[in-house]
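Chain by chain, the residues run as shown.
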Amino acid sequence: MKLYIEKLMIIFNREFTGYFRTPLASIFLLVFLALSAGMTFFMGQFFQRGQADLNSFFVWHPWLFLILMPAIGMRLWAEERKSGTIELLMTLPVTNSQLVLGKFLASWFFTLLAIIMTIPIWITVNYLGEPDNGVIFISYLGSWLMAGCFLSLTSCLSMLTKNQVIAFIVSTISCFIMVMAGFGLVLASVRSWAPLWLTEVIQSFSFLSHFKRIQYGVLDLTTFIFFISMIMICISINIFLVQLKKAD
Amino acid sequence: MNLLEAKNLYKSFGNINAVSDISISLNVGEVIGFLGPNGAGKSTTMKILTGFLEADSGSIEIKKIDLSKDPINAKSIIGYLPEGAPSYSDMTVKSFLYFVGKMRGLKDELLEKRLEIMLKDINLTEVQNQIIETLSKGYKRRVGIAQALIHDPDILILDEPTDGLDPNQKFEMRKLIKSISKNKGIIISTHILEEVEAVCSRTIIISSGKVLLNKETKDILKNKKENLDSIFRKITK
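Those protein sequences? They're chains A and B, same order as listed.
Residue 101 in the working numbering sits at position 101 of the first sequence, with consecutive numbering throughout.
Residue 223 in the working numbering sits at position 223 of the second sequence, with consecutive numbering throughout.
By construction, these hints were calculated from the structure, which means they are not laboratory data.
Idealized CB from N, CA, C, for every residue including glycine.
Errors might be hidden in some of the hints.
[Stated by the list, open to error] With a straight-line Cα cutoff of 27 Å, these simulated DSS-like cross-link-like pairs (lysine-lysine) come out: (1) B:175 - B:120; (2) B:113 - A:212; (3) B:210 - A:245; (4) B:218 - A:245; (5) A:7 - B:64; (6) B:210 - A:7; (7) B:140 - A:82; (8) A:246 - B:69; (9) B:63 - A:7; (10) A:7 - B:140; (11) B:94 - A:82; (12) B:113 - A:7; (13) B:69 - A:2; (14) A:82 - B:137; (15) B:175 - A:7.
[To be verified] DEER-style ranges, computed between Cβ atoms: (16) B:13 - A:236: 24 to 34 Å; (17) B:152 - A:6: 41 to 51 Å; (18) A:233 - B:13: 28 to 38 Å.
[What the hints assert, rightly or not] Heads up, incomplete: computed chain B residues facing chain A, CB under 8 Å, no partners named: (19) 72; (20) 88; (21) 139.
Chain A on its own, in the form it takes in the complex:
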């Protein structure tokens, strides 16, 4: 087990520091911070609402992550396949699960760094009023878990192509479907012809429905299990795809 984690951490470190070897990290962090602040204060009307909470901040996260998570995750496997380093990597004494987990965790913790950098917004709301910090903490946790779902899905899809642009587009579309599954309009259109159970199944797979509950401070077990199982399912498929597509 110790050896398993050791190798996983070597992969993690290479991937995590990899974000900072190119301007990608700084561009991403800047875009994320600018967009989340802009959306919170201008589009979310943070000041006009006059409420000491961060709803106008978290409400945009599913939409921000929709673009930004595929941007972070698109390179995870597509780049390895294109440059041929996948052959090098997979002839090292390492298991597929160590590779997939190491890469995924690196991108997930990079996202955590981006989320942590939004703390000034939290400080602002605490300076202006007395928000429920428990709710805010749960929302932050939920936001990170949801980002993990987007990333694991993107990582999985980036194994299917050698082209990062294709990986980005396909991932964005897939993430969009996962978000939209809980959108009122979509559910209404499904409800008009599908049986109730199918509508409920579609809704239960929606990132939006689960995130909405978290946003109001309700981190119930179902939501927690949903996000964790989505990540685990995508990682398992990813491990399978690495084995299946490595030599294509």
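Starting from the structure of chain A, add chain B where the hints point.
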């Protein structure tokens, strides 16, 4: 001492038989030259021997370890240079070699020593802190060799190690392979017949996934009427 024993390997992609009943035995001190026209199945065989691809049937033992049953331990005995010498182009030479060494399970102290030896022996000292992307093809190939040798493996599998190198670099590479071959088993795939004559103790010629010739190089060279070049052309036509 036997290092690698591959028996009756088969591998097909759809209707194409890439590898068909190939058996290879590699001993300490032996350098096998793996020859064949383009698409003969050289790279596929090497990918199978290194555990990157799984054979449809057949068996591979690396120092008596079954590659399919214990891939982690079997892979740790092999050093491999894939075709085109791929490496992480955004890393520096030193950090890339350090990464591979760590993945190979080398402890810090030993890794530092091996790094020093690799940089010196493979003439990478002056570019050790350079980003791999900025290096010439010759240097990139050397980085590939260094990563394959970093853990001082018993078995070295090199897929076209001199491809794209200038004559001086080719000479250096052959000298290096010769110098390390005494206590290792090496398999090299190449298109350059003179390379086989210069460094390989055994020659294997394959075509359409089948072994057409498997002989000691000195026995081939004994024949004054035919050289390796004419034999190659005759049997791979």
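Hint by hint, here is what the structure shows:
1. Note on residue 175 of chain B and residue 120 of chain B: the hinted pairing holds, with a Cα-Cα distance of about 15 Å set against a maximum of 27 Å.
2. Proximity of residue 113 of chain B to residue 212 of chain A is assessed by CA-CA distance (about 55 Å); at most 27 Å being required, the pair is judged violated.
3. Between residue 210 of chain B and residue 245 of chain A the CA atoms are separated by roughly 25 Å; this keeps the pair inside 27 Å, and the hint holds.
4. For the given pair, residue 218 of chain B sits about 42 Å from residue 245 of chain A by alpha-carbon distance, which is inconsistent with the 27 Å threshold.
5. The suggested pairing of residue 7 of chain A with residue 64 of chain B holds, with an alpha-carbon distance near 25 Å, which does not exceed 27 Å.
6. Restraint check for residue 210 of chain B and residue 7 of chain A: the C-alpha separation of about 38 Å exceeds 27 Å, so the hint is violated.
7. With a C-alpha separation of about 17 Å, the suggested pair residue 140 of chain B and residue 82 of chain A falls inside the 27 Å cut-off, and the hint holds.
8. With a C-alpha separation of about 19 Å, the suggested pairing of residue 246 of chain A with residue 69 of chain B holds against the 27 Å cut-off.
9. Under the criterion of a C-alpha separation no larger than 27 Å, the hint pairing residue 63 of chain B with residue 7 of chain A is consistent with the structure, at around 24 Å.
10. For the suggested pair residue 7 of chain A and residue 140 of chain B, the alpha carbons sit about 25 Å apart, so the restraint of at most 27 Å is met.
11. Of the pairs offered as hints, the one joining residue 94 of chain B and residue 82 of chain A holds, with about 23 Å between alpha carbons and a cut-off of 27 Å not exceeded.
12. Simply put, residue 113 of chain B and residue 7 of chain A have alpha-carbon atoms about 21 Å apart, close enough for the 27 Å limit, and the pair holds.
13. Proximity of residue 69 of chain B to residue 2 of chain A is assessed by CA-CA distance (about 21 Å); at most 27 Å being required, the pair is judged to hold.
14. The hinted pair formed by residue 82 of chain A and residue 137 of chain B meets the criterion: a straight-line CA distance of about 18 Å does not exceed 27 Å.
15. For the given pair, residue 175 of chain B sits about 34 Å from residue 7 of chain A by alpha-carbon distance, which is inconsistent with the 27 Å threshold.
16. In this structure the hint that residue 13 of chain B and residue 236 of chain A lie 24 to 34 Å apart at CB holds, the actual value being about 26 Å.
17. Roughly 20 Å separates the CB atoms of residue 152 of chain B and residue 6 of chain A, a value that falls outside the hinted 41 to 51 Å.
18. For residue 233 of chain A and residue 13 of chain B, the Cβ-Cβ distance of about 29 Å falls inside the hinted range of 28 to 38 Å, so the restraint holds.
19. Contact between residue 72 of chain B and chain A, as hinted, is supported at the beta carbon level, the nearest pair being about 5 Å apart and thus within 8 Å.
20. The beta carbon of residue 88 of chain B comes within 6 Å of a beta carbon in chain A, closer than 8 Å, and the hint placing it at the interface holds.
21. Taken as an interface hint, residue 139 of chain B does not check out: its beta carbon lies about 17 Å from the nearest beta carbon of chain A, beyond 8 Å.
The structure does not agree with the numbered hints 2, 4, 6, 15, 17 and 21 stated previously, though it agrees with the rest.
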